[in-house]
Amino acid sequence: MTQIKICGLKNRAAVDAAVAAGADYLGFVFAESPRQVAPEEVRELTQEVPEEIKKVGVFVSPEEAEVEEIVAIAGLDMIQIHGRSNLTELSRPIIRAFNIEDQETSYFFNYPHLLLDAPPAKLMGGNGQTFNWHLVDQRRLPKEKLWLAGGLKPENVGEAIRFFQPRAVDVSSGVETNGEKDHAKIKAFCQAVKAVDRQEFI
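Under numbering that gives the first Met the number 0, the residues of the sequence shown are numbered 0 to 201, in order.
I should point out that these hints are in silico values taken from the structure, not numbers from a laboratory. One thing to keep in mind: the hints can contain errors.
As the list claims (entries may be wrong) - DSSO-like, lysine-lysine: derived pairs with alpha carbons at most 30 Å apart:
1. LYS152 - LYS53
2. LYS186 - LYS144
3. LYS152 - LYS186
4. LYS142 - LYS193
5. LYS53 - LYS9
6. LYS142 - LYS152
7. LYS184 - LYS152
8. LYS9 - LYS184
9. LYS9 - LYS144
10. LYS186 - LYS142
11. LYS53 - LYS142
12. LYS152 - LYS193
13. LYS186 - LYS53
14. LYS152 - LYS9
15. LYS184 - LYS53
16. LYS144 - LYS53
17. LYS9 - LYS193
18. LYS53 - LYS193
19. LYS142 - LYS184
20. LYS144 - LYS193
21. LYS9 - LYS186
22. LYS144 - LYS184
These numbers come from a predicted model, not from an experiment.
Make the full structure from the sequences, and use the hints.
The following block contains the structure:
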């Protein structure tokens with residue numbers, strides 16, 4: 000079963016919509032971004048989230064002390080790192096973001112989770128940009144570690160899953176309207192992922 004991460008959540012209504020739609024992971028951005036939230040807000044927003052749904056903090060080129068302080072305040076379960084960073088071990092499992100320009104950077108493959116994203120644009124992630132999937136050397140991708148992002152939306156996530164067979168898919172701008180989380184799109188995205196999984200078992 001392909002797992003689902005809804006990222007860039009900023010308010011209780013969006014968190015509730017992601018939980019109700021069947022998300023496995025909730026993503027909260029602590030890097031500079033229109034979606035940035037404070038760790039205290041995340042703790043408040045997720046007080047009633049079921050324990051099996053994991054809270055992921057998103058960072059860009061962070062320092063270890065900064066990450067660990069936010070982990071403790073926000074109550075995070077996982078840490079997603081974009082940009083330049085030598086951090087390989089923290090108090091929570093790391094999801095290391097990389098893109099097609101990093102394919103020869105072998106150290107990425109030492110992480111427990113790998114997030115294949117579009118190359119950075121205005122922001123390190125959440126830009127809504129797809130990339131040429133055919134430029135990825137899938138022979139080197141450890142599928143059991145692979146998370147997929149980069150311009151995913153309800154209309155193309157099924158095709159992306161069939162192409163890459165990732166462990167998880169990650170969406171932010173693809174479930175937004177005018178920069179805000181669209182609850183109907185969140186539901187449609189999760190339904191599209193689950194539809195592919197059902198087809199695989201038929």
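Do the hints match the structure? See the list:
| no. | hint | in the structure |
| --- | --- | --- |
| 1 | LYS152 - LYS53 | holds, 21 Å |
| 2 | LYS186 - LYS144 | holds, 25 Å |
| 3 | LYS152 - LYS186 | holds, 11 Å |
| 4 | LYS142 - LYS193 | holds, 18 Å |
| 5 | LYS53 - LYS9 | holds, 16 Å |
| 6 | LYS142 - LYS152 | holds, 21 Å |
| 7 | LYS184 - LYS152 | holds, 8 Å |
| 8 | LYS9 - LYS184 | holds, 16 Å |
| 9 | LYS9 - LYS144 | holds, 27 Å |
| 10 | LYS186 - LYS142 | holds, 25 Å |
| 11 | LYS53 - LYS142 | holds, 20 Å |
| 12 | LYS152 - LYS193 | holds, 14 Å |
| 13 | LYS186 - LYS53 | holds, 18 Å |
| 14 | LYS152 - LYS9 | holds, 19 Å |
| 15 | LYS184 - LYS53 | holds, 21 Å |
| 16 | LYS144 - LYS53 | holds, 16 Å |
| 17 | LYS9 - LYS193 | holds, 25 Å |
| 18 | LYS53 - LYS193 | holds, 18 Å |
| 19 | LYS142 - LYS184 | holds, 27 Å |
| 20 | LYS144 - LYS193 | holds, 19 Å |
| 21 | LYS9 - LYS186 | holds, 17 Å |
| 22 | LYS144 - LYS184 | holds, 26 Å |
Hint compliance for this structure: no hint is broken.
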